[in-house]
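Engineer: Protein chains in written order, with our numbering: chain A, 51 to 1047; chain B, 8 to 452.
One should not assume that every hint holds.
Simulated restraints on C-beta separations [to be verified]:
(1) Gly835/A with Gly253/B: 41 to 47 Å
(2) Pro427/B with Asp881/A: 20 to 26 Å
(3) Asp881/A with Pro338/B: 41 to 47 Å
(4) Gln366/A with Val428/B: 22 to 28 Å
(5) Pro338/B with Ser619/A: 39 to 45 Å
In short, the hints are calculated from the structure, not lab data.
Each residue gets a CB set at the ideal place from its N, CA and C atoms; glycine is no exception.
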Amino acid sequence: MFLTRRSRTRMSTKHRGPSVLLAVVGAFLLFPTAAHAQSGTVTGQVLGAQDERPLTGAQVLLVGADRGTIAGADGSFTIQNVPAGEQQVQVRMIGYRTSTQAVTVAAGGEARIEFRLSQSAIDLDGIVVTGTPGGTERRAIGNVVTRIDAAETLEVAPITTMADLLNARAPGVVMQPGTGMIGSGPRVRIRGAASFSLNDQPLIYIDGVRVNNDVASGLSVQGFGSGVVSRMNDINPNDIESIEVIKGPAAATLYGTEASNGVIQIITKRGVQGAPEFNARIRQGANWFQDPAGRVGETYWRNPETGQVESLNIVQQEIDRGTPIFTTGHNQAYHLNVSGGAEMIRYYASMDYESNEGIEPTNYQDKLSGRLNLSVDPNDQWDIDLSFGLTNSSTGLTFEAGAGGIWFSTIFNTPALRDTPNRGFLFTPPEAVWAVQAPKQDVRRATSNVQVTHQPLGWFRQRLSVGMDLTAEQDESIIERIVDPEIAQFFSASAQQGSGFVSTRDVDYRTFDYSGAVTLDPTPDIRSTTTFGAQYYRTFTEAVAADGNGFPAPGLRTVDALAQTFGGSVYFEEKSLGFFAQQQFGWKDRLFLTGAVRADDHSSFGEDFEIIYYPKASLSWVMSEEPFWNVGFMDNVRVRTAYGHTGQSPQTFAALRTFQPVTGGDGSPAVTPQFLGNPELAPERGEEIELGFEAGLLEDRLGVDFTWYHQSTTDAILNRGVAPSGGFPGSQVVNLGAIQNSGYELQLRGLAVQRSNVDWELNFNLSSNESEVLDIGDEDRIVIGSQAHVVGFPVAGWFRRKVVSADLDSEGRAINIMCDGGPGQAAVACDDAPRVYQGRASPKYEGSVSTTLTLFQNLRLYALVDFKTGHVGFDNTTRARCQIFLNCLENMHPEDFDPVRLADVQSPGTLVSFILNDASFAKFRELSASYTLPGEWSERFGASRASITLAGRNLHTWTNWTGIDPESFFVTQLHTRLEQNNTPQLTQFVATMNVSF
Amino acid sequence: MSLHPMTVTDVYANSERGRKMNRGNIRDRLDSWGRAAVLLPLIVALVGCDSFLEVEAPSQVIAEDLENPANAPLVVASSIADFECALGFYILSSGLLGDQLIDTQLAAATWDYDRRGFANARGAYADNTCNSTGNIFGVYRPVSTARWAADNALRNLQNWSDDEVPGDRSELIATAAAYSGYSHVLLGEGFCSAAVDVGPELTPDQVFQRAEERFTTAIETGQAVGRSDLANMARVGRARVRLNMGRAADAVADARQVPEGFEKMANYSTASARSGNHPYRWVNRFGWASVGPLFQELEVDGVPDPRVPVTNTGQTGADAFTTVWSQGKYPTEGTPIPIATWREAQLIIAEVEGGQEAVGIINALRDRHDLPHFESTDPEEIRAQVIEERQRELFLEGQHIYDISRFDLPLNPAPGTPFPVKGGTYGSTTCLPLPEVERENNPNL
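Only chain A is shown next, with the shape it has when bound in the complex (with noise of 0.2 Å):
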């Protein structure tokens, strides 16, 4: 069974606010359900205008009756219990213009129609989830939301996890993958980083449930205590619909604390009426790393013996040698769906068996996951959705990065140890970690959640959503006694003993969203709506380690026997509580304007914190319905503008001064100084305008999508020093800070060619983020390593000492080196230098280019590229190479070199500029081609639809970047971007097969 005993325990007893509860319920049950009249029903199908292929998935609505039913797979719909006379049925698709067509209903009769929709580049009639119930339509809300097709995507690009899907498809939203190792997943950073501190990651929501969104957890492999497998990337691609973005403050003050990153919605996939129709896609290929003798390159020795300069590619000499350190994983996966149903209730259900492997033996994973979603809609003032999701997945995980491990043996390999056994590697050739060492993690998880629409009345409609996310991880790390020999050598007396580690981490997200509506229209022209609403969050982490040394025999595995053993556990808890209101006014459905104001309490506030108040305005103008507009390539044009708030919380537990329990010398408990705390501790608040417009130009074919946006974070939380003579450790949380944060996003689609056998779609998106650190409190600066929050500048900068000037001596030192004195001063002596400003961390620009060619309707060709430039990283490895090692060919040839560079090369750490290089790359992201067998192909083996795709990821990176990947980090970093012995993004190769049934 998934529940663990603590989940069993805890639920037993979480309802803490059942009167909540019974007055959402109350209101539910106040209003009657109203009676049927006379009806008839509506039958047709949504073809597309070119290719007259079935539209599947299209909304079909009733007009006025604010209720309808999406087309099934061969495009047909049918709306049953349709009042008698006149009505007006309207389609609507992502990428198609909207169509209405009016249809009589005869009492008991059946009326038929059919639509034929043209594509369009721009879309302003879909519905988007904004947090208010029922969705809400694109042309009323004034901000942007970026809705990204998953089921139009996986058709055609190579997507393997929910980071591929998001990837460049999301002006703005930059994905930062830091490492290749499967499993692992990317940093989300959306419109810059708005706070010093605190998470940067977006809050996410899988059919209106907040989820588990850790960047990276399990255990510490890489080092400098990080672990990386994702939380994201256990939501399987192939179940999700879309995925909407909402991108600031501005969009999501409705979400209120936490979500000052932004929201990414997942919805997941759902049953359309009709016969069952099963889907069955899979999935075969390959990961490697690309070029690996070429980039990791090579080291050198001065041989003392010989005084000649020896060169070492320990790549290459295990390649030759018949043990490449680096292999070809396999990657494969298995997906079967079905959905389908009746106009009462209709699922969609899906299992979905996923195995992929690494370039190291240890690193692989294997997931099994399955969905079931039901919708019942058991009359028109009723919609229930239901929804409920698996995911059990075993990671192991490689070793890479930090100190140790094969990566870090591997580049700071040395020729002095060729000729030994370690064949070059610095500590350990790879096989004696492989067959001592497979850290994994296992992991649990389930989601689900009920949600209730209820429209009592014509003018009324409320909804309850009540859903949980429940994570349960199981870390293990088991190391036996070694006793082979040949694999002792390379271990300590200790660690030839043995040791292990476990540990359980059990995260539960639970959430409770009430929302009401009343739409009322004052006149006929003027449409009032009024939300409301209340959402409350419980979020719990429980976690259980233990650990030990020593095995005292071979074969032994488990904790317990292990002849010194600890142990461990924690718990953390937050809550909040928020309630929203928000009128919107709209003007014959072309101008609307909006205003909204949510109150939030949250359990991480200082005790001395009241309420926060979040507000919002947006206006929205769809300016080419008004009778004026006579502008012949500009079809459909609308102008936008939102103003918000929203805010981050702080950490769990900041505000509390704390002693931490800990064991005395002697055995016995003890507690020591945790935190000072913070009392009047608030939360960040983020405040953002954005300004933008969406147009359809040239009969729709060419849509541009604008938005220019400028945030700031206020009482930004900054870990303020704390003086160690005061007993407390570390520092204390308080709201001094304040960041800004501008740009603009741009998202081209044209619709080049279209034509019955040819369809040329071309997409760009483009992206800048300007970032600026306001204030800092008292501080001239704060130092995080080698960056620097300092105002005026952007986000953790780079802040180093930097050389201007050096001579080489005769022996091959750099001499007379003088560096930057900071702005208009003359140079100085190194040690008297300030750190001077050498770039941002992140991008400033990020982009991609994609385009898709569709031949005889069966033929899909795609490409896209992304780039990400602006920015400056640290490389590490060369650091570690040249000034820890001394491996490099600065270090043998001096007199080859610029003084400059020897400068620091030849310096103890305190000079890196040489590593700080331009981090700005673009790479050959994703390349298919997918070929829809004709339908008396796929008939033969009993197939509606069948399709194969080849496709490749990962193919070429273009890019000055001297590290092995410009995209390599520590994911768990906040800030910090630094590539040291990183798994690079692997390039991978996939043949998917994709039939209907």
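Add chain B to chain A, keeping to what the hints say.
Structural biologist: Same frame as chain A, but now just chain B:
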């Protein structure tokens, strides 16, 4: 030790707030919610719910709970625990800064200890706490925390009454004062200057003066309640700081009162990484440091000196360069470390008195290990031998770094010598600078 440390559960039991951390009564806040009147039905429902934002914090102890006199035994026991941890890290850091230990690591964060660097007074030595039990450790925070914890306990105990405090309040006062005194000793000897309670910068002598005051309290209070162990511990400590302040006669007066064989030990255990014997963990268990060349294979007239037990492990450290020599003085993770001993008191007497009394003390200490006797009538030779005996007798007890300063001993390797493999050169500092983290965050500096 007759303290009866309370468990963390006891703390909760003694807390009015119990284990709950209440963010505040939401009922009191409802006036503010009036602006959201449209939500009236829900708000009415919330009136009956006080605990919506109440969360559990079972892993932490809220500070105000420790201000309850009922928790006094736990507070004092905790200050001892903080000191014992700090002492372990102090021995490591001072051993590396001096020549008892050498670094074997790849992690640059610890090189400054061995390299005698600290040019910018930042880094792990300043920031890391006792919870940093990995390969990078700190010393200023552990010692400062131990000093604050003992002084805080002392302050509270002096403000509470006998009736409020369970057990013997005077005994607790003597204990807190003695450990506060020793925390001050580490601050004064190990650091070029220091600060206490976010106050102004203090010279080592000012720190020693504070230590003397606390040792005096411990001696007087300890004697009054019949705790001779605490009184003798404080006598050794007071003798040490008086000697450091140049008051040799006062030092000898204290030292002579210490009974033969007296030892006050810091306790360690395998219960957690934090509570382990750090010199054992670093040198023997993990090989992150090695005994330095000057302390390898020491002999007395050809007889191996058991006071400096050292073994060549044959293993190379993480820097792939340094051979690890383990120490045998602390052979397990639970081996106690001496804080105050009769041996030290005797060596203080020998140092001050010199002459044949010093020779006699040297030989009495050697007799404990069946080592050959030392014979000399040359005052300089005797003084040099006392210094040498201190190095061996007090090996890895946190005494040597200040001896280097007091006796102006040569640094080894000499300043300017290249720091092997890892870059840079050896510096000349023999005290740790007051860290920038103190200067930047202490308004009185």
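Engineer: Do the beta carbons of glutamine 366/A and valine 428/B sit within 22 to 28 Å of each other?
Structural biologist: holds (26 Å)
Engineer: I want to verify a distance hint. Is the separation of the beta carbons of proline 427/B and aspartate 881/A within 20 to 26 Å?
Structural biologist: holds (23 Å)
Engineer: If you check the beta carbons of proline 338/B and serine 619/A, does the distance land in 39 to 45 Å?
Structural biologist: violated (31 Å)
Engineer: Range hint 41 to 47 Å: satisfied by the CB atoms of aspartate 881/A and proline 338/B?
Structural biologist: holds (44 Å)
Engineer: CB of glycine 835/A to CB of glycine 253/B, is that within 41 to 47 Å?
Structural biologist: holds (43 Å)
In terms of the numbered hints stated before, the structure departs from hint 5 and from no other.
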